[in-house]
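The residues making up each chain are set out below.
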Amino acid sequence: MNKMVKKLHVKDNDIVVPGQLLAEGMSYIPSGKAIRDGESITSTVVGKISNKGHVVKVVPIFEKYAPKQGDKIIGKVVSMNNYGWTLDIGVPVKCELDLREGSQSFIETGKMSQFFAVGDLVFVEIIGNRNGTFKVSAKDRLYRKLPSGHLINVDSGLIPRIIGKQGSMINTLKDESGCNVVIGQNGYVYVHCDNTENVFKVQEAIKLIESNTKSSGLTEKVKKMLGGKK
Amino acid sequence: MAGKSDTPLVVKGKRIDGRKANELRKMTAEVGIIPQADGSARFTMGETVAIAGVYGPKEVLPKHQTKDDRALIRVYYSMLPFSTTDRCRPGPSRRSKEISKVMIDALEAAVITEKYPATAIEIHVQILNANAGTRTAAINAASLALANAGIEMRDLVCAVAAGKADDTVLLDLFQPEDNFGQADLPIAVMPNRNEITLVQMDGDLSSKEFDESMKLVMDSAMEIYEVQKNALIGKKENKK
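Going down the list, the protein sequences come from chains A and B.
Per numbering that gives the first Met the number 0, residue 0 is the first one in the first sequence, and the count goes up by one each step.
Per numbering that gives the first Met the number 0, residue 0 is the first one in the second sequence, and the count goes up by one each step.
Isolated chain B (complex conformation) (with noise of 0.2 angstroms):
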């Protein structure tokens, strides 16, 4: 968000990877990765790579913090040393703790808490490659892996982020797009009920362009959803 880009991000309506204002980067799903989990999936949008593992419901340690009538949720957001440009030190950053705190608020919508009395479900979250909207990527891969575990969910939630650069409200910001941009909104939705589980903003938005990128994260979240499904089903033809 800081600077200015040499090259103008938005030519003719057309971005710099070729892409339409309203157009998402190319998805893939895939789920049951990680034999030990109890579920898992992977999700990648564009060059970012989200990898999720759900444990649980399982005992909560420590005790104290059980809660007697629901799931405790619990999220370990991480990007690996070799995700960035420059490495990214392991461990856990204040930047992860926030991303792992909305994560948990944007699933624990979706979760029926109340059907796991005072267990735990613990998702881990690796992001193997980093090229901005790595906190929507990690969500739909956690939402994969929580109905890859066979947890009962509401519904799937389907993350994207929309935001502006060169004046232009765009969807599924790229690196380019979120360094030199203006604003970036990652919003998460269950599409089926028509249901907001995060709002996230950074940068400045006009109402009317707040409402513009609303509009189009709403209309490209039931095409996240298709991805996800298919990849729950079976389905090889994972297209956009």
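Isolated chain A, as found in the complex (with noise of 0.2 angstroms):
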């Protein structure tokens, strides 16, 4: 073998696209969306350089979500058999909440639908994965039907910046609009309130939070706008 190669390409926080070659040198570990090809590290997608010592992360920018155990989620009833419901969570992925995860007590033959019918909303935890089919649990007492209100849609790597450090952002998101909030890891808002303006309010913050991902002072931003109105 001839001499070792070892070179990095990029830089911390540097943004790189598909293809791009990062690293050379099998000293190099590629992480998150990065893959080896032969010697060199190349980026599989659009995204952010994270570099820790001999690792080379490429975080992705454009994301749609994918579902692991833990998550946190709602979903919307779309059937269900003697078994238990299937749910759609906005991926192409089945999810299935089985009848004894469904709830703590004890569920009658022909009541299924006392607990949840189709097309109601369901906050749920995934608690795992089995041959492509993900399991979710309702069984916690946190986990319930979601009663009839607005469902949002956002992207699920907003999430984070719509939840706010501790929570600060939701909970302003609560108190100010005085509305009941949702949040599913899936990127499912769901808004509940008796006043539909108020609903209408929490859409528009998280629109303004989604176009200003970046700034700093949001949860002010959002607490002004939410406030002004009232």
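Simulated from the structure, these hints should not be mistaken for laboratory data.
Hints may be right or wrong, so weigh each one.
[Unchecked claim] As a list, the in silico DSS-like pairs of lysine-lysine whose alpha-carbon atoms are at most 30 angstroms apart: (1) A:6 <-> B:214; (2) A:71 <-> B:114; (3) B:62 <-> A:134; (4) A:67 <-> B:66; (5) B:57 <-> A:56; (6) B:114 <-> A:51; (7) B:114 <-> A:56; (8) B:114 <-> A:134; (9) A:144 <-> A:206; (10) B:62 <-> A:75; (11) B:62 <-> A:93; (12) A:67 <-> B:114; (13) A:71 <-> B:57; (14) A:222 <-> A:206; (15) A:93 <-> B:114; (16) B:57 <-> A:47.
Bring the two chains, given one by one in their own frames, into a single complex with the hints.
Structure representation (structure tokens):
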């Protein structure tokens, strides 16, 4: 073997595109959305570089939600059979809520739709993946059926911004608008309020968060926006 | 490819529109132009304009077409009625079906389909204005839209045509050269990996001329890649 090549072609926080050469040499390790191609490491998506030591990581900028265990999500019941419910969670994977995971209490035969009927929104947690089908649970008291309200679809990458540091943003949204807001990590945001106008205020506030992801003091801005119209 | 032009197409190494033989048309690119799509892009090459929208990965319908180990890529190419000088009949035609098929082959090589098993990725490409090289512009737009949708790809796909007119090998033919030329050779490449994903030929080229056209395309692929890269990163300096 000829002399070892070892070269890093990118810096931290650089934005890279698919196919771009990131590093050469076997001493670097690809992580995130980077792949090894022979001796070199290339990116597979448009993303940001995060480089720690020998690990070259690509964090994607444009991303669709990928379900994983432990995620708290909002699903919509699309069908039911004798063994449970099937949910739509906004991505093309099967998602099932088993009968025994539906509730802590005993579910009698023929009374399934009293718990969740087709068309209902359910706040659930992903408990596992069996052969590509995601299993969810609504057993914990935290998880429940969401009564009729508004469903807003946002980019799942923005969910941390909508929640804020220690929930500062979500608390602002709830307190200032007087609405009940439930956020699913799959990008579904549920808003319920007796006064429909307040729902639109929350919708606009979320739009504001979407367009100002990088600016600081966003919570104050949202507070001003919601408070100003009261 | 029929008939002869009244005026010479190449005079003293210069073409009708003032380009040299190895010069590309002016290119511009933009991503995120369709809000409803998961990813979208516009790519212009001279007067040819193509827009592409990517929907997916999503459920495969009809279900029996599902590939359990990889994603199914579907391309719908169409030319809008006002894109050509004579009105172009809307809807699928023999030509659009063929181009959709070759585009699937050109893009499937770049997309890491194993990462999205049992799903479909739909790419819709519309030609807003046709001035030769629509399939290459469509491939460029589609690969940008795929990157914009966050789909994992080995490399961006860059496509451009080479050809022959007035016995000269030319790069990136435009309408008169395409109509009255002797050959047209659209090629799609992955520039970083030096791999070819599409080669088609219409007309006749000697083997020497073929090698020469191939070299022209390979040399200019990186130029297209830079335009695509700038569009994705958001730089506005899309000169040439």
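Each hint tested on the structure:
1. A:6 <-> B:214: Holds, at about 29 angstroms.
2. A:71 <-> B:114: holds, 24 angstroms
3. B:62 <-> A:134: holds, 22 angstroms
4. A:67 <-> B:66: Distance ~23 angstroms between residue 67 (chain A) and residue 66 (chain B) Cα, so the pair holds.
5. B:57 <-> A:56: holds, 27 angstroms
6. B:114 <-> A:51: Within the cut-off at roughly 26 angstroms; holds.
7. B:114 <-> A:56: holds, 18 angstroms
8. B:114 <-> A:134: holds, 21 angstroms
9. A:144 <-> A:206: holds, 26 angstroms
10. B:62 <-> A:75: Holds, at about 21 angstroms.
11. B:62 <-> A:93: holds, 13 angstroms
12. A:67 <-> B:114: holds, 15 angstroms
13. A:71 <-> B:57: With a Cα-Cα distance of about 21 angstroms, the restraint between residue 71 (chain A) and residue 57 (chain B) holds, given a limit of 30 angstroms.
14. A:222 <-> A:206: holds, 14 angstroms
15. A:93 <-> B:114: With Cα atoms ~17 angstroms apart, residue 93 (chain A) and residue 114 (chain B) stay inside 30 angstroms; holds.
16. B:57 <-> A:47: Within the cut-off at roughly 26 angstroms; holds.
Every hint from the earlier list agrees with this structure, and none is contradicted.
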